[in-house]
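> Each chain, written out:
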Amino acid sequence: MNAPEFTVEVFQNPYLASGAREVSAIVTVTAESVGTAQAAAASAAEIIIVDCSGSMSAPAAKLAQARHATSVAVDAIHDGTAFAVVVGANDARPLYPVDGTLAVADARTKDEARHAVSRLQAAGGTAIGQWLRLAREIFLTRPDELRHAILLTDGQNAHETLDELAAAIAACTGVFSCDCRGVGTDWEVAELRKISAALLGTVDIVPDPAGLAADFEALINASMAKEVAGVSLRLWTPQHTVVRFVKQVAPTVEDLTSMRRDVTAQAGDYPTGAWSAGESRDYHVSVAVQPGGVDEEMLAARVSVVQDLAAGAQTLGQGQLIAIWTDDVEMSTRISPEVAHYTGQEKLHQAIQDGLAAKRQGDVSTAERRLGDAVAIAHESGNQEQADRLASVVDVIDPATGTVRLKNKVVDADEMALDTRSTKTLRVRKQQPLPPTGPQEPED
Amino acid sequence: MSAETSQTCPRCEVAVEPADRYCEVCGARLPSPRDHVELDAAVVAGVSDIGKHHQRNEDAMSLAVTRTPTGPASVGVVCDGVSTSIRPDEAAQAAADVALQVLADGMRAGAAALEALTAAARAADSAVRALATDPANAPATTLVAGVMTGTTVAVCWIGDSRAYWLPADDEQPARLLTHDDSLASELAAVGVMSEAEAAESHHAHVVTRWLGADADPLEPHTIAFDSAGQGVLLLCSDGLWNYQPDAEGLRRLATAGESAALADAAAALLAFALDSGGQDNITVVLSTAPPASSDTTGHEGSTP
Numbered sequence: 001m002n003a004p005e006f007t008v009e010v011f012q013n014p015y016l017a018s019g020a021r022e023v024s025a026i027v028t029v030t031a032e033s034v035g036t037a038q039a040a041a042a043s044a045a046e047i048i049i050v051d052c053s054g055s056m057s058a059p060a061a062k063l064a065q066a067r068h069a070t071s072v073a074v075d076a077i078h079d080g081t082a083f084a085v086v087v088g089a090n091d092a093r094p095l096y097p098v099d100g101t102l103a104v105a106d107a108r109t110k111d112e113a114r115h116a117v118s119r120l121q122a123a124g125g126t127a128i129g130q131w132l133r134l135a136r137e138i139f140l141t142r143p144d145e146l147r148h149a150i151l152l153t154d155g156q157n158a159h160e161t162l163d164e165l166a167a168a169i170a171a172c173t174g175v176f177s178c179d180c181r182g183v184g185t186d187w188e189v190a191e192l193r194k195i196s197a198a199l200l201g202t203v204d205i206v207p208d209p210a211g212l213a214a215d216f217e218a219l220i221n222a223s224m225a226k227e228v229a230g231v232s233l234r235l236w237t238p239q240h241t242v243v244r245f246v247k248q249v250a251p252t253v254e255d256l257t258s259m260r261r262d263v264t265a266q267a268g269d270y271p272t273g274a275w276s277a278g279e280s281r282d283y284h285v286s287v288a289v290q291p292g293g294v295d296e297e298m299l300a301a302r303v304s305v306v307q308d309l310a311a312g313a314q315t316l317g318q319g320q321l322i323a324i325w326t327d328d329v330e331m332s333t334r335i336s337p338e339v340a341h342y343t344g345q346e347k348l349h350q351a352i353q354d355g356l357a358a359k360r361q362g363d364v365s366t367a368e369r370r371l372g373d374a375v376a377i378a379h380e381s382g383n384q385e386q387a388d389r390l391a392s393v394v395d396v397i398d399p400a401t402g403t404v405r406l407k408n409k410v411v412d413a414d415e416m417a418l419d420t421r422s423t424k425t426l427r428v429r430k431q432q433p434l435p436p437t438g439p440q441e442p443e444d
Numbered sequence: 001m002s003a004e005t006s007q008t009c010p011r012c013e014v015a016v017e018p019a020d021r022y023c024e025v026c027g028a029r030l031p032s033p034r035d036h037v038e039l040d041a042a043v044v045a046g047v048s049d050i051g052k053h054h055q056r057n058e059d060a061m062s063l064a065v066t067r068t069p070t071g072p073a074s075v076g077v078v079c080d081g082v083s084t085s086i087r088p089d090e091a092a093q094a095a096a097d098v099a100l101q102v103l104a105d106g107m108r109a110g111a112a113a114l115e116a117l118t119a120a121a122r123a124a125d126s127a128v129r130a131l132a133t134d135p136a137n138a139p140a141t142t143l144v145a146g147v148m149t150g151t152t153v154a155v156c157w158i159g160d161s162r163a164y165w166l167p168a169d170d171e172q173p174a175r176l177l178t179h180d181d182s183l184a185s186e187l188a189a190v191g192v193m194s195e196a197e198a199a200e201s202h203h204a205h206v207v208t209r210w211l212g213a214d215a216d217p218l219e220p221h222t223i224a225f226d227s228a229g230q231g232v233l234l235l236c237s238d239g240l241w242n243y244q245p246d247a248e249g250l251r252r253l254a255t256a257g258e259s260a261a262l263a264d265a266a267a268a269l270l271a272f273a274l275d276s277g278g279q280d281n282i283t284v285v286l287s288t289a290p291p292a293s294s295d296t297t298g299h300e301g302s303t304p
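One line per chain: the protein sequences are A and B, in this order. Using the numbering used here, read the first sequence as starting at 1 and increasing by one per residue. Using the numbering used here, read the second sequence as starting at 1 and increasing by one per residue.
For the record, the hints were derived by calculation from the structure and aren't laboratory data. Please read all numbers here as calculations on a predicted model, not as lab measurements. Treat the hints with care, as some may be off.
Using C-beta positions, here's what the derived DEER-type ranges look like [as the list claims (entries may be wrong)]:
1) V14(B) with G100(A): 48 to 56 Å
2) A340(A) with E38(B): 41 to 49 Å
3) A400(A) with H53(B): 37 to 45 Å
4) A261(B) with N2(A): 53 to 61 Å
5) A171(A) with V14(B): 39 to 47 Å
6) F245(A) with H221(B): 53 to 61 Å
7) V190(B) with F245(A): 47 to 55 Å
If we take Cβ atoms under 8 Å as the criterion, some of the chain B residues that face chain A in the derived model are [what the hints assert, rightly or not]:
8) Y22
9) G27
10) A28
11) H53
Sample of chain B residues lacking proximity to chain A, with all beta carbon distances greater than 12 Å (derived) [what the hints assert, rightly or not]:
12) Q7
13) T70
14) R122
15) A174
Don't be surprised by glycine CBs; every beta carbon is placed ideally from N, CA and C.
Input sequences plus hints: build the corresponding full structure.
Here it is as C-alpha cells:
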C-alpha cells in the first residue's frame, strides 16, 4: 500500500546573533499524494446540524432557505458516505435517520433525508452544546476515519451556560471537525469561533439566507475531497527549549499552541485535521532555545507530519529548524521574507480583532487606531480582500499611514464578515528553501 | 561510513545514535567524520578540515600511489563544493572519489598523465551532474587533480582550487601552475582591476566554471612539464591560498618544520590557515614522485 506523501519546507534565517535564543520559521506543509490504498480505506461520515429554534421562522424565508440548503448539502454527499441530519433547539433530535445512527448515502436514503428536511419546523431556544453532543454520539456509532459536521445557527447560545458549551466542545474535540455558519446577524462571532477553532473548522457569516445553499454545497464538496484523516504536526525540540507558538498562518490564522498533546518529554502533536490531495498550508513556528557559542550550530526543532493510525503514528514528512550563531551582523539581522510576511498578516488579523472589540465597547479612538493599523498592513502587503472588507467599516483617509475614520453607519453584516474573515491571509510568494542566505552566484 | 554509528554528543555528553546530524537530546550539531580528515601514503599526503566558521566541510580530497607500466605515480585530487549550490559536500566527495578511481585506472593502463587526468575530470563531471535532481539548483564543485611520476608533473583543473609547484632546490622558483576560473581572475585578466583589487572585491570568490549539471560543457585546463629535479606538488582549496596566494610563501610554510614527512607539511599548512582565520574549509594535498621501488599496494584513500 502507498502511504500518503507530505512535503515539509522550512523558510527561515538560521543565523542568530550571539546570545539570541528565538528561532522562527515558516513551515509549508503540502499533501503531495494521499496514497492509494489509504484513500480507498478511509471511510467518511457527515452530519448536518440545523438550528430549528423559534427565531429561524422569522423571517419565514430563513427556515425555507435552511431546508433548501440542507437538501442541497444532502445531495452533494457522495454515495457510500455515512450521514445524518440533526436539528437543534433547547435540545437536539436526530431528524434523519430518526434512530440516532448514520445512514449510508444512496438514492433512497438521500431521498428519505430530503423528505424529512422538508417537514422541518422551528420552535424553542438555542443550546448548541446539546447539538454538538448528539452529533458526537451519532458519529461514535461507526468507526469512520473522516468525520465532519456543518453547524448552522441564527442566534446566540442563550439556553445553556458558557461552561456547558465549553464542556461539549471539549468532548467533541478530536472526534469530528466542524464548520460553523451563522445566518443573519443575530448570532455571535466569538461564540461560533470557539467551536470552529477547537474543532478545526471554519466560521463564516451567510448574511442572506438565499446564499446558504451554495455555501453548504461548497462545504460538503470540500469535506468530500478530504482523504487523509488524523494528521498532526509533531514538534521535536531539544531539551530546555520553550515552544513560543505554533500557528497555522495560511490559508487562515489559527493558533494551535494550546492544542498541543505531549508525545514525549521533547515532542508534542498539534492537530491539523483532515487533508485533501494537493492541499498546502503554512505554519509559523517559533521556539526559544539555549543559546550556543559563536559558529555553533544546533537543531532548534524538527517538524514532522504524522498520521495517527491504529498501528501507531506514521511519519509522512519532515523538516528542520536550524540555529547557527554568528558574529556577522549582516547575516543575523536578515529577516526571512516569509517570516516577515506572515508576522504582518498575523498583526493584520490581531489589529482587526482589537479594532472591532474597541468599536463594540464604544472606544472610537482605539477602534480607529487599530483598524487604521490593519488598513496600513493590508495596503502594504497587497491583501486586497481584507482592504475591501475594512473599507466597509471605516472611511480610509490615507491607506499608507493607516489614517481612518469609523463610518457613521456600518451594516452589521459587513462588520461581522470583517470579524469572521479577519483570519484570512494572503499567501506569500516563496523564495528558495534553505539555504536562504547568500547571493545566488556560484561562490565556494 | 554510516551515520547511524553511536556517538557521544560533545555538548551534553550523552551517548546518542542520531537519525540525522544532530544530538537527539540537546540538538547540538554532532561532529561529522568529514570535519577533519587526514590521509597519508608517505609520497602523497593530505588533510581536509572544516575550518573555523563553516558548519560542514564542503571540500573533499582523494589520493593514491599507483603502478604504471613505466613505474609508480602519486595521484591526488582536491574538490571544493560550490557553497551556493545545493549539497556541495556531496558534489565534492563524488567528484574526488570518481576522479581518483578513473585517474588511477588510466595510469595503471598506461595512459599519458594528461589523458588520464582529462578522463578523470570528465568522469567526475558526469558523477556530479548525476547528483542533480533539479537542473535549476544542481550540486557543483571545483576540481584540481595532479599526477607525479619520476619524470613528469601533470595537473588538470576547473574552478579556483589551485596547484603549486614547490621545487626542493631553493634556487629554483616556486610557482603557481593554475589560473583560477573566477570573476576576480577574469576581471584582472582584462585589466578592469588589479589582481590585488580583484582579490579584495566582493565577488572575488565567484567561480565562473565548475563541475555540475548547470555548468557549461566541461573543458578542463591542463598543464604538464618535466620535473627536472625534486619538488612537491601542492593541491589546495581557496581555504588555504586565500591567506597565502604566493608560491614562495607557501614553500616557506611547507618546509618550515623539522619533519620531512609530507603529512607534517600538510598539517603545517593547515595550521597556518586556521591561525590566519580559518574562514573557509581548508584542504591540502602534497605529493612527491614515488621512488621507483615504491610499494603501490594499499595506499588509496579518500575523504573520509
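> Indicate, hint by hint, whether the structure satisfies it.
Here's how the hints hold up against the structure:
A C-beta distance of roughly 54 Å is found between V14(B) and G100(A), which places it inside the suggested range of 48 to 56 Å. In this structure the supplied range 41 to 49 Å holds for A340(A) paired with E38(B), their Cβ-Cβ distance being about 45 Å. Between A400(A) and H53(B) the C-beta distance comes to about 42 Å, which sits within the given range of 37 to 45 Å. Taken as a hint, the range 53 to 61 Å holds for the pair A261(B) and N2(A), whose Cβ atoms sit roughly 57 Å apart.
A171(A) and V14(B) have their C-beta atoms about 41 Å apart, which keeps the hinted 39 to 47 Å range intact. For F245(A) paired with H221(B), a C-beta distance near 54 Å keeps the hint of 53 to 61 Å intact. For V190(B) and F245(A), the hinted distance range of 47 to 55 Å is satisfied, since their beta carbons lie about 54 Å from each other. Nearest Cβ of chain A to the Cβ of Y22(B): about 4 Å, under the 8 Å cut. The hint holds.
Below 8 Å, beta-carbon pairs count as interface contacts, and G27(B) has one with chain A at about 3 Å; its hint therefore holds. The beta carbon of A28(B) is positioned within 8 Å of a beta carbon in chain A (closest approach about 5 Å), and the interface hint is therefore held. Annotation: interface hint on H53(B) holds; nearest CB of chain A at approximately 5 Å, less than 8 Å. Every Cβ of chain A is farther than 12 Å from the Cβ of Q7(B); the closest lies at roughly 14 Å, confirming the non-interface assignment.
With a minimum CB-CB distance of about 36 Å to chain A, T70(B) clears the 12 Å threshold, and the non-interface call stands. Remark: the non-interface label on R122(B) is consistent with the geometry, its nearest Cβ contact in chain A lying 20 Å away (cut-off 12 Å). The claim that A174(B) lies off the interface holds: its Cβ sits roughly 24 Å from the closest Cβ of chain A, which is beyond the 12 Å cut-off.
In this structure, none of the earlier numbered hints is contradicted; all agree with it.
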